[in-house]
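Novice: Let the sequences and hints guide you as you build the complete structure.
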Amino acid sequence: MKAEFAHYKKEELMRMLTIMQTIRTFEEKAGMMYGLRKIGGFCHLYTGQEAVAAGAISSLDLSKDYVVTAYRDHGHALACGMDPKKAMAELFGKVTGCSHGKGGSMHLFDVEHHFFGGNGIVGAQIPVAAGVAFAQQYQGSDGVTLCFFGDGAFHQGAVHETFNLGKIWDLPIVFIIENNQWGMGTNWKKVSAVDDFSVTAGAYGMKGSSCNGLDVLDVRATIEKAVAEARLGRPSLVEARTYRYKGHSMSDPQKYRTREEIDEYRKRDAIQSFRSRLSEEKILSEEEWSALTQRINTQIEEAVAFAEESPEPALSELYTDIYA
Amino acid sequence: MAEMTYREALNRALDEEMARDDRVFLIGEEVGEYDGAYKVSRGLLSKYGPKRVRDTPISELGFTGLGVGAAIAGLRPVVEWMTHNFALLALDQVVNNAAKLRQMSGGQLSVPIVFRGPNGPAEFLAAQHSQALGSYWMHVPGLKVVAPATPADAYGLLKSAIRNDNPVVMLEAELMYAWKGEVSEQEFLVPIGKARIAREGVDVTLITYSKPIRVVEEAADRLAEKGVQAEVIDLRSLRPLDEETIVNSVRKTGRCVVVDEAWPLASPGATIAHLVDSRCFDVLDAPVELVSGEDVPMPYNHTLELAAQPSVEKVIAAVAKVLYREDV
Ligand SMILES: Cc1ncc(C[n+]2csc(CCOP(=O)(O)OP(=O)(O)O)c2C)c(N)n1
Ligand SMILES: [Mg+2]
Numbered sequence: 001m002k003a004e005f006a007h008y009k010k011e012e013l014m015r016m017l018t019i020m021q022t023i024r025t026f027e028e029k030a031g032m033m034y035g036l037r038k039i040g041g042f043c044h045l046y047t048g049q050e051a052v053a054a055g056a057i058s059s060l061d062l063s064k065d066y067v068v069t070a071y072r073d074h075g076h077a078l079a080c081g082m083d084p085k086k087a088m089a090e091l092f093g094k095v096t097g098c099s100h101g102k103g104g105s106m107h108l109f110d111v112e113h114h115f116f117g118g119n120g121i122v123g124a125q126i127p128v129a130a131g132v133a134f135a136q137q138y139q140g141s142d143g144v145t146l147c148f149f150g151d152g153a154f155h156q157g158a159v160h161e162t163f164n165l166g167k168i169w170d171l172p173i174v175f176i177i178e179n180n181q182w183g184m185g186t187n188w189k190k191v192s193a194v195d196d197f198s199v200t201a202g203a204y205g206m207k208g209s210s211c212n213g214l215d216v217l218d219v220r221a222t223i224e225k226a227v228a229e230a231r232l233g234r235p236s237l238v239e240a241r242t243y244r245y246k247g248h249s250m251s252d253p254q255k256y257r258t259r260e261e262i263d264e265y266r267k268r269d270a271i272q273s274f275r276s277r278l279s280e281e282k283i284l285s286e287e288e289w290s291a292l293t294q295r296i297n298t299q300i301e302e303a304v305a306f307a308e309e310s311p312e313p314a315l316s317e318l319y320t321d322i323y324a
Numbered sequence: 001m002a003e004m005t006y007r008e009a010l011n012r013a014l015d016e017e018m019a020r021d022d023r024v025f026l027i028g029e030e031v032g033e034y035d036g037a038y039k040v041s042r043g044l045l046s047k048y049g050p051k052r053v054r055d056t057p058i059s060e061l062g063f064t065g066l067g068v069g070a071a072i073a074g075l076r077p078v079v080e081w082m083t084h085n086f087a088l089l090a091l092d093q094v095v096n097n098a099a100k101l102r103q104m105s106g107g108q109l110s111v112p113i114v115f116r117g118p119n120g121p122a123e124f125l126a127a128q129h130s131q132a133l134g135s136y137w138m139h140v141p142g143l144k145v146v147a148p149a150t151p152a153d154a155y156g157l158l159k160s161a162i163r164n165d166n167p168v169v170m171l172e173a174e175l176m177y178a179w180k181g182e183v184s185e186q187e188f189l190v191p192i193g194k195a196r197i198a199r200e201g202v203d204v205t206l207i208t209y210s211k212p213i214r215v216v217e218e219a220a221d222r223l224a225e226k227g228v229q230a231e232v233i234d235l236r237s238l239r240p241l242d243e244e245t246i247v248n249s250v251r252k253t254g255r256c257v258v259v260d261e262a263w264p265l266a267s268p269g270a271t272i273a274h275l276v277d278s279r280c281f282d283v284l285d286a287p288v289e290l291v292s293g294e295d296v297p298m299p300y301n302h303t304l305e306l307a308a309q310p311s312v313e314k315v316i317a318a319v320a321k322v323l324y325r326e327d328v
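From first to last, the protein sequence lines are chains A and B. So for the first sequence, my numbering puts the first residue at 1; every next one is plus one. So for the second sequence, my numbering puts the first residue at 1; every next one is plus one.
Don't take every hint at face value.
[Stated by the list, open to error] Covered stretches of chain A, as calculated for chain B (at least 3 residues, CB under 8 Å):
hint : segment
1    : 40-49
2    : 115-122
3    : 172-186
4    : 189-200
5    : 316-324
Just so you know, the hints here were simulated from the structure itself, not pulled from any lab data. Everything numeric in this text was worked out from a predicted model, so none of it was measured. By construction, the Cβ of each residue, glycine as well, lies at the ideal position given by its N, Cα and C atoms.
Specialist: What follows is the structure, encoded as structure tokens:
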């Protein structure tokens with residue numbers, strides 16, 4: 001057995017696989033539901049990137065750690081343990097959704113599972129994540145905050161202000177760039193002064209590292225180290241190189257990239273490659289895999305049925321949840 | 001006359017002004033290779049090249065401020081904001097620099113720049129992406145603010161804005177880009193600061209700007225069926241305001257309803273209602289009514305988001321109120 005596999009119990013490996021497959025199944029269903037107009041507006045799917053949320057978030061102790069991300073948030077919410085029913089109902093705009101149908105796809109929140117959203121303004125979640133880490137430090141917990149953002153978001157001033165704040169105040173935070181190579185229709189190389197984001201950490205006196213965002217165990221190992229450092233008050237930056245399969249949102253003709261590029265990445269699919277490595281290592285049998293996928297399919301079908309049957313928020317909800 | 005969409009009208013204005021004056025350039029997110037997030041700049045990159053159609057990183061504060069610097073140094077930038085929601089990141093550069101550099105320099109500097117993009121709610125976009133932020137700009141001395149509601153005005157006002165030696169903020173709307181209308185094939189300008197009487201009437205004055213014009217016009221149609229002749233004013237510019245057109249109309253009708261999709265407090269609508277009150281008090285037969293967006297962040301759920309915006313029913317109810325009639 002390869003060392004990286006030996007490092008984790010079967011149960012833990014299965015947990016990562018389950019998170020990834022749950023996200024994949026949820027997202028594919030969400031895409032279908034969008035086509036049926038059950039979901040409207042912006043809906044940014046996470047397919048292709050599952051290994052990043054699964055590898056990173058599975059390394060946390062969510063009794064004390066927190067997760068903050070942007071609008072491409074379904075995967076992170078599910079990885080934190082949000083009930084897929086609440087997530088799907090939110091996408092449907094139903095009152096049983098995590099945000100009572102008021103937030104929609106971009107604004108999933110689950111305080112119980114320490115998932116603080118769900119931010120639609122590119123880069124806006126980054127200082128907020130530092131604030132969560134600040135509160136952890138202030139309260140004397142040894143929790144850390146994972147702050148996810150994209151290759152496009154990297155160029156917001158907020159990123160650079162927050163890196164500095166994180167470092168000068170020794171905040172327990174890990175900044176994770178999910179470099180899926182595209183920010184809407186813009187290739188990351190076209191708008192970045194560096195061709196390796198992790199080197200910028202050095203300018204702020206932080207450690208920078210990279211991992212293969214298509215390899216869940218590499219993500220997991222890299223984030224585990226970064227989290228351990230963050231618990232000691234040493235923030236750092238991790239770049240996870242990954243790829244998004246679908247358009248930026250649902251109405252993106254994707255003229256900016258080729259079919260071949262997408263196919264190339266689909267061949268390296270994070271879930272399929274992890275699954276086949278698990279079976280090569282004789283950790284996962286065919287039967288176990290099909291039982292797993294069936295269980296997840298049923299769970300997501302149930303989430304759709306739940307969303308479908310749930311009521312819309314009452315008109316009076318327009319004026320609630322605005323002030324304490 | 002040619003029929004074209006609001007989007008095409010903006011594109012034509014940009015194209016003509018870039019052809020006419022090589023100091024004019026377009027800068028913003030996805031304006032080039034992607035042809036614009038809402039396709040307003042379609043074809044301009046291939047025609048004018050990347051020097052004049054500049055794709056930026058997602059750095060609103062940076063590229064907006066860069067535009068201001070380029071303007072004081074002799075260029076005439078058109079800064080596209082993907083939406084006004086994101087322009088909040090650039091508020092500092094517009095309010096503290098663009099609007100003030102002329103005055104702070106005792107008139108030495110000129111800031112000929114246009115900031116433009118979609119404003120206000122579209123559909124299913126929730127709280128952070130559905131804000132009507134006109135008051136953020138209208139509030140600020142040193143800025144001009146235009147809000148065309150037809151393709152012809154979009155064309156004529158954008159051309160005027162580009163030629164103007166002041167910073168001009170333009171409010172467009174995602175849902176308006178596909179609206180069609182007649183636009184003369186002859187080149188023309190629409191002056192900044194002149195409202196348009198969209199419909200003449202004698203019983204009540206309905207004042208609005210930007211996207212709610214359709215709601216107001218439909219309300220006016222329905223009112224006409226009940227024998228109420230509404231005059232509709234499309235402001236087109238919020239700063240400067242065309243006070244004369246407003247006052248003359250209300251002096252004729254004696255009643256006024258202002259329709260604004262922004263929130264009610266400290267809004268364009270509230271300012272206009274106050275203006276009518278103070279300048280037409282002697283002729284008003286009823287207090288001015290304001291139909292605004294509800295005073296809430298926009299919810300995602302579609303039924304709720306529609307309920308949060310001005311509607312034909314809300315406008316008619318306000319007209320009934322100023323007419324003291326229950327039968328309209
Ligand atoms: C401040 C701001 N500017 C622009 C946008 C529009 N926008 C939404 S997502 C996006 C691209 C972001 O790319 P990236 O950070 O790489 O994240 P990804 O979508 O790839 O997950 C843009 C430009 C926005 N939501 N907020
Ligand atoms: Mg990206």
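Novice: So, for every hint listed, does it hold in this structure?
Specialist: Now the hints, each set against the structure:
1. With 3 residues having a Cβ less than 8 Å from any Cβ of chain B, the segment 40-49 of chain A passes the three-residue criterion, so the hint holds.
2. Counting residues of the segment 115-122 of chain A whose CB lies closer than 8 Å to any CB of chain B gives 4, which reaches the minimum of 3, so the coverage claim holds.
3. Counting residues of the segment 172-186 of chain A whose beta carbon lies closer than 8 Å to any beta carbon of chain B gives 4, which meets the minimum of three for the stated coverage.
4. Counting residues of the segment 189-200 of chain A whose beta-carbon sits less than 8 Å from any beta-carbon of chain B gives 3, enough to reach three: the coverage restraint holds.
5. Given a C-beta distance limit of less than 8 Å, the hint that chain B covers the segment 316-324 of chain A holds, as 4 residues qualify and 3 suffice.
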